[in-house]
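Asks: Sequence:
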Amino acid sequence: MLAYFPEIYPDELLYSALARYHRHVCSKSPKHTLYDLFGETGVRATAGLQSHVAALSQRIPADRGLGPERLTKDFTLYRYYTAFEPKSVGQSVLASLTDGPADAVHVRLGIAASAISAPAYLRYCPICLGEMLSRYGEGYWRRSHQLPGVLVCPEHGAALADSAVSQGAGNQHEFIAADQKNCSPVAALPSWASSPRQVTLLQEIAKRSAALLDHPPVRFRDWGAYYRSAVIDRGFGKGKENVAQNLLREAILSLFEPVIDLIPGGLGGDWPTAMVRKHRKAFHPLRHVLFQIFLDKRSPQRRTAPPFGKGPWPCFNRLADHYGQDVIHEITVRHEQDRVIGRFSCACGFVYSREMGSRSSPRILDFGPLLDDQIRQKVAEGLGLRAVAGYLAIDPGTVRLHASRLGLNVPWKPLAARHSRTSVPDRDGIRTRWLDMQQNYADLSRRRLALLLPKEHSWLYRHDREWLEQHSPTALHKKWSDRRVDWEALDRSTAIQLRKAAREITREVPPQRITQAALERKLGRPRWMSKRQAKLPKSIGVLGEVTETIDAFRLRRIAWAVAELDRQALPVRSWRVRRLAGLPSIASPSVETALAALEIMAGSSEV
Numbered sequence: 044m045l046a047y048f049p050e051i052y053p054d055e056l057l058y059s060a061l062a063r064y065h066r067h068v069c070s071k072s073p074k075h076t077l078y079d080l081f082g083e084t085g086v087r088a089t090a091g092l093q094s095h096v097a098a099l100s101q102r103i104p105a106d107r108g109l110g111p112e113r114l115t116k117d118f119t120l121y122r123y124y125t126a127f128e129p130k131s132v133g134q135s136v137l138a139s140l141t142d143g144p145a146d147a148v149h150v151r152l153g154i155a156a157s158a159i160s161a162p163a164y165l166r167y168c169p170i171c172l173g174e175m176l177s178r179y180g181e182g183y184w185r186r187s188h189q190l191p192g193v194l195v196c197p198e199h200g201a202a203l204a205d206s207a208v209s210q211g212a213g214n215q216h217e218f219i220a221a222d223q224k225n226c227s228p229v230a231a232l233p234s235w236a237s238s239p240r241q242v243t244l245l246q247e248i249a250k251r252s253a254a255l256l257d258h259p260p261v262r263f264r265d266w267g268a269y270y271r272s273a274v275i276d277r278g279f280g281k282g283k284e285n286v287a288q289n290l291l292r293e294a295i296l297s298l299f300e301p302v303i304d305l306i307p308g309g310l311g312g313d314w315p316t317a318m319v320r321k322h323r324k325a326f327h328p329l330r331h332v333l334f335q336i337f338l339d340k341r342s343p344q345r346r347t348a349p350p351f352g353k354g355p356w357p358c359f360n361r362l363a364d365h366y367g368q369d370v371i372h373e374i375t376v377r378h379e380q381d382r383v384i385g386r387f388s389c390a391c392g393f394v395y396s397r398e399m400g401s402r403s404s405p406r407i408l409d410f411g412p413l414l415d416d417q418i419r420q421k422v423a424e425g426l427g428l429r430a431v432a433g434y435l436a437i438d439p440g441t442v443r444l445h446a447s448r449l450g451l452n453v454p455w456k457p458l459a460a461r462h463s464r465t466s467v468p469d470r471d472g473i474r475t476r477w478l479d480m481q482q483n484y485a486d487l488s489r490r491r492l493a494l495l496l497p498k499e500h501s502w503l504y505r506h507d508r509e510w511l512e513q514h515s516p517t518a519l520h521k522k523w524s525d526r527r528v529d530w531e532a533l534d535r536s537t538a539i540q541l542r543k544a545a546r547e548i549t550r551e552v553p554p555q556r557i558t559q560a561a562l563e564r565k566l567g568r569p570r571w572m573s574k575r576q577a578k579l580p581k582s583i584g585v586l587g588e589v590t591e592t593i594d595a596f597r598l599r600r601i602a603w604a605v606a607e608l609d610r611q612a613l614p615v616r617s618w619r620v621r622r623l624a625g626l627p628s629i630a631s632p633s634v635e636t637a638l639a640a641l642e643i644m645a646g647s648s649e650v
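Whatever position you read off the sequence shown (first residue = 1), add 43 for the numbering used here.
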C-alpha cells in the first residue's frame, strides 16, 4: 500500500499524476517508481492508454475511491477512443487495460492502422501552464491537450505547444512530469494562430474532441446508416436511399478547407464516402468529430411530402356503400416528364388516376365487378340505355361498351361492328396468347415477350397486372462473383504499371505532361484510382513520384525544344524555344530563368 499518492488535478492524465508521484517522492529511478506503483518493473509508461491499472489501484489507499475502472475512464483517453465503438469492444479494451497486457489494444481500436496518429510530443497550453503554476504551484499534462487533431486549447483557444517530452522515443518505462524545463512558458506561435477563421474552426474541433472525454455520445448500432440518413436529410441524397458522394466530399472539404493542411491524415483520403456506408472497420474518433461538425453546420431540410399526401384517399365508386370515404390505401405514383400521376386502387376493384395539381375530375381506369353486376340487373329489368346510364351515373357509351363485353341481350341498339375497335378486348384471349408465346419460347425474358406481344402486354399491364405478374417469366438477377479482390496484389501490380506508363509518356513527341489522368488513360482505367485511394497506397505513392508539376513539364518541354532546334540547325533563341515549347508569354520564375540562361548562352556563342 502506498503511503502517499498525489491528488489528481482537473483533466489530468494518469500518466501525469504518476509522473508527479515520481518527482514528489524523489524516487531513485524510473524502475523503482514502477515497482512502487505496479509491483513490477516491466510496465510501460503510456500517455494515452495506461495498462496494468488494477495493480496500481490496489496500491492506492481505498478511501481515495480510485478503482481501476475510474482510473481508466476518468484519467486516460479511454472514453475518447471507445466513444464510437460497440459496447463489447469497449469492455474488452477496459479489461485489457485493467489487467494487462494491453499490446493488442491499439489494433482492436483501429488506432494502429489509422492514418491519424497521436502527437509526437506531449503538448501544453502556455496560458493553462501559467494558471497551473499560480493555483497549484506545479504544472501537469492535460488529457484534452493530447488528443489527435486538437491543435488549440479547448478553453482558451490558444495554440498548443510541443513540449520536450516525446511519446515515442526515450525511456518507455519513465513517467516525466510537466515543468518549466520541458514546457517553455513562452512558445513560438504558428503562422495560423493569427487567423481568426482557422482558430475558430480548430477550437470547435478541440471542444468536440474534449467533450468525448467526459460525455460519451449516444451510441448507434449502425453509424453508417445514421450518417447516411443524416446527409440525405441535409440535401445530399440521390434517389431515395443513395448519397451524392461527390457533392458530399466537396461540401466537407469546403468546410474544412482552412485547416486541411493543419491536421495530418485527418482530412485526406476518401473517408467521407466510407462514413456513410456500413462500418466494417473502426473509424478514428477524429473522423466522427469532423463529420458531426459538418452535420451540425447543415440544417436538415424538410423531407419532401408525398405528392398526394399520406392517405388514405377517397373512393369515387358510386355503386359502393363507401362512396366518397377515405378507404383507399394502395397508390402507385409515376412521373411523365414534368407530370406526376397517381393510380389509386380500392379494395372494391374501382381504380382511378389523377394528376398532381390538376383540378380536373379523376380518370376512371376500372369500375370493378360491382358495375358488371348492376348492368346485368338493370338490363334484366328492361331499362333503356340512358336510364341505366343515369342510374349508374356513367356515360351511355360506357354502358353500351360493357354490355357488349358481357354479351347481354340489351333492349337498345347493340354496338355496331364498326365500333368494335373501341370495345374492350377479350381478356381470356389475351391471356391465352400471352401463355402460348411463353410456352413456344420458354427461354425468352418478360421484356422480350413484351416486344413480341406489345398490345397484349400493354393491356395486361394496365388492366390485369396481378395476373401478369403471376404468369410472367421470373426476373433474371445478375449474379455477382463471390471472389474478393486482392487489393494488396492489385496495388503492387498497378504501381508497376504506373511507372511503366510514366516512362512511355516521357518518350512521346512532342512531350506530354505526366498527370494522373494521363496515366489512368494509359492503363485503360480513367478516373479509377481517385475513388480507391485508401485501397491503393503504393499506387498513390507512385503517382506522387512520377506525376509532373506544370513547371517541371515546361522545363522538360524547353529541353525538347532546344534539341529540336539543334536537329533543325536553327539558332537557339529564347523566343523560338518559347514558341516551340508552347510556353505562355509570362511563365513562372524558374521557367523564365531557364529561358534567360538560354539567351545568355546564345549571346556568348556568337561572341
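In case anyone wonders, no lab produced these hints; they're calculated from the structure. There's no promise every hint is true.
[To be verified] Derived lysine-lysine pairs resembling DSSO-like cross-links, with alpha carbons at most 27 Å apart:
id : residue 1 : residue 2
1  : Lys565    : Lys321
2  : Lys71     : Lys224
3  : Lys281    : Lys224
4  : Lys321    : Lys281
5  : Lys250    : Lys353
6  : Lys116    : Lys250
7  : Lys498    : Lys543
8  : Lys130    : Lys250
9  : Lys578    : Lys281
10 : Lys74     : Lys130
11 : Lys116    : Lys324
12 : Lys250    : Lys281
13 : Lys324    : Lys581
14 : Lys340    : Lys353
15 : Lys543    : Lys565
16 : Lys321    : Lys340
17 : Lys574    : Lys324
18 : Lys340    : Lys574
Computed from a predicted structure; not experimentally measured.
Asks: Under the constraints set out in the numbered hints, which ones does this structure not fulfil?
Replies: 1, 3, 5, 7, 10, 12, 14
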